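Number of protein chains: 2
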Amino acid sequence: MRTPEAIRKFVRVFSELPGIGPRQATRLAFHVIHKGSGNQMEMAKAIADFKNIKICKRCFYIHENQNGLCDICADMKRNQKVIAVVEKETDLMSLENTAKFNGRYLILGDLRRTGILEADQNLRLKNLKNFIKEELGGKAEEIIIAINPNTYGDLNAALVAKELEGFALKLTRLGRGIPTGGEIEFADEDTLISALERRV
Amino acid sequence: MRTPEAIRKFVRVFSELPGIGPRQATRLAFHVIHKGSGNQMEMAKAIADFKNIKICKRCFYIHENQNGLCDICADMKRNQKVIAVVEKETDLMSLENTAKFNGRYLILGDLRRTGILEADQNLRLKNLKNFIKEELGGKAEEIIIAINPNTYGDLNAALVAKELEGFALKLTRLGRGIPTGGEIEFADEDTLISALERRV
Numbered sequence: 001m002r003t004p005e006a007i008r009k010f011v012r013v014f015s016e017l018p019g020i021g022p023r024q025a026t027r028l029a030f031h032v033i034h035k036g037s038g039n040q041m042e043m044a045k046a047i048a049d050f051k052n053i054k055i056c057k058r059c060f061y062i063h064e065n066q067n068g069l070c071d072i073c074a075d076m077k078r079n080q081k082v083i084a085v086v087e088k089e090t091d092l093m094s095l096e097n098t099a100k101f102n103g104r105y106l107i108l109g110d111l112r113r114t115g116i117l118e119a120d121q122n123l124r125l126k127n128l129k130n131f132i133k134e135e136l137g138g139k140a141e142e143i144i145i146a147i148n149p150n151t152y153g154d155l156n157a158a159l160v161a162k163e164l165e166g167f168a169l170k171l172t173r174l175g176r177g178i179p180t181g182g183e184i185e186f187a188d189e190d191t192l193i194s195a196l197e198r199r200v
Numbered sequence: 001m002r003t004p005e006a007i008r009k010f011v012r013v014f015s016e017l018p019g020i021g022p023r024q025a026t027r028l029a030f031h032v033i034h035k036g037s038g039n040q041m042e043m044a045k046a047i048a049d050f051k052n053i054k055i056c057k058r059c060f061y062i063h064e065n066q067n068g069l070c071d072i073c074a075d076m077k078r079n080q081k082v083i084a085v086v087e088k089e090t091d092l093m094s095l096e097n098t099a100k101f102n103g104r105y106l107i108l109g110d111l112r113r114t115g116i117l118e119a120d121q122n123l124r125l126k127n128l129k130n131f132i133k134e135e136l137g138g139k140a141e142e143i144i145i146a147i148n149p150n151t152y153g154d155l156n157a158a159l160v161a162k163e164l165e166g167f168a169l170k171l172t173r174l175g176r177g178i179p180t181g182g183e184i185e186f187a188d189e190d191t192l193i194s195a196l197e198r199r200v
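Order-wise, the sequence lines are chains X and D. This note's numbering puts the first residue of the first sequence at 1, with every later residue one more than the last. This note's numbering puts the first residue of the second sequence at 1, with every later residue one more than the last.
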């Protein structure tokens, strides 16, 4: 017996999503079927509504505004001279959740493990450099390279730092140490070394 | 900064799916946004198309036919007197993939770990018993209880067996032993005992 076409189509489309394989997609299909058509319409609409989402021309975050800028880049109360360079939108969201950062962002997009930046990522950095030249008179106050502190992240952060050299008065990375709630006993050696070196 | 409404709506709807939490749903949202509107429409349609899916009145599998029966129950070449009782649609699909079973099925739906069957599951068993009475003259040739061979599965299988007692000439469960490709060294004790007892 062949699997019904509706299921096969769902599995084909949804198993392309990150973290979802054909097996989970099949289970999801039956789950969604049993949820009923009201729920299905809600799910379909949630996806279809993404058509109104635009990408900010300055930081590459998403928005639904008319002026091409996201809420952060359009916010005059935020300091456009302090820029956090992040990899993913979700990194931006985590930093925003702290409510302790009042600058703007540049989203690079998923970084590879090859030690080279993608063409698109170089374009985004160039876009930032042009912004700094034209709007900030050549130097930002500070650029925070907020890329994950792991082996590949460090490599990519070094590449980004090299690209942005001379474009900011201060070029920093996020502090490293023992996370709040963490335990010294279970911290890895590199983290402990950072915590010792950067003791306050 | 508030997360755009479109993202929040997507996360709200998709984090209700099994195995997908709010964090993965957020990542999926950005992934889907970057896939572009063609892809989004395809995904939305794959879900919306589920509205045509119906549930078989005999075995409770899905179908898109007009007569209320799924392809298996409607197939006159299949032996309606041999019935495999399974928990999930995906179990049915796995058994179908073997191409070695020519009977029909009864899908019970997700079994609980409480040692009692849900009202809906009792109804489905009653439906099967009526079918056996009315269509098969009171006794099926064989009922295979194809429920997972673990602690709760065994408990539920016993409940189902009790319900179906007297309704089949043979009431069986799937064979247990070392899976093909498995290693004796790593087989657990219960599996090895089954393999010894059922040696061929």
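No lab work stands behind these hints, which were simulated from the structure alone. It cannot be assumed that every hint is accurate.
Since the list gives no way to pick one copy over another, a pair counts as held whenever it fits inside one copy or between any two copies.
To be verified - Result set (DSS-like, lysine-lysine): computed pairs, CA atoms no more than 30 Å apart in a straight line:
#1 9 to 57
#2 35 to 126
#3 170 to 35
#4 100 to 45
#5 9 to 126
#6 126 to 57
#7 88 to 129
#8 77 to 9
#9 45 to 88
#10 129 to 35
Bear in mind the structure is a predicted one, so any value in this text is a computation, not a measurement.
Now for the hints, and whether the structure bears them out:
Taking identical chains as interchangeable, the C-alpha atoms of residue 9 and residue 57 lie at most 30 Å apart only when they sit on different chains, with a minimum of 24 Å there against 35 Å within one chain. For the homomeric pair residue 35 and residue 126, the shortest alpha-carbon distance between copies (24 Å) is at most 30 Å, but the shortest distance inside one copy (47 Å) is not. Proximity of residue 170 and residue 35 under a CA criterion of 30 Å is satisfied in neither setting, with 53 Å inside one chain copy and 36 Å between copies. Taking CA atoms no more than 30 Å apart as the test, residue 100 paired with residue 45 passes in neither setting, with 34 Å inside one copy and 41 Å between copies.
In the homo-oligomer, the alpha carbons of residue 9 and residue 126 never lie at most 30 Å apart, since the shortest distance is 41 Å inside one protomer and 34 Å across protomers. With identical chains, the CA atoms of residue 126 and residue 57 are at most 30 Å apart within one copy only, with a shortest distance of 12 Å there and 62 Å across copies. Taking identical chains as interchangeable, the C-alpha atoms of residue 88 and residue 129 lie at most 30 Å apart only when both belong to the same chain, with a minimum of 19 Å there against 56 Å between chains. Taking identical chains as interchangeable, the C-alpha atoms of residue 77 and residue 9 lie at most 30 Å apart only when they sit on different chains, with a minimum of 27 Å there against 47 Å within one chain.
For a Cα distance limit of 30 Å, the shortest separation of residue 45 from residue 88 qualifies both inside one copy, at 25 Å, and across copies, at 28 Å. Proximity of residue 129 to residue 35 under the C-alpha cut-off of 30 Å is restricted to the inter-copy arrangement: shortest distance 27 Å between copies versus 49 Å within a copy.
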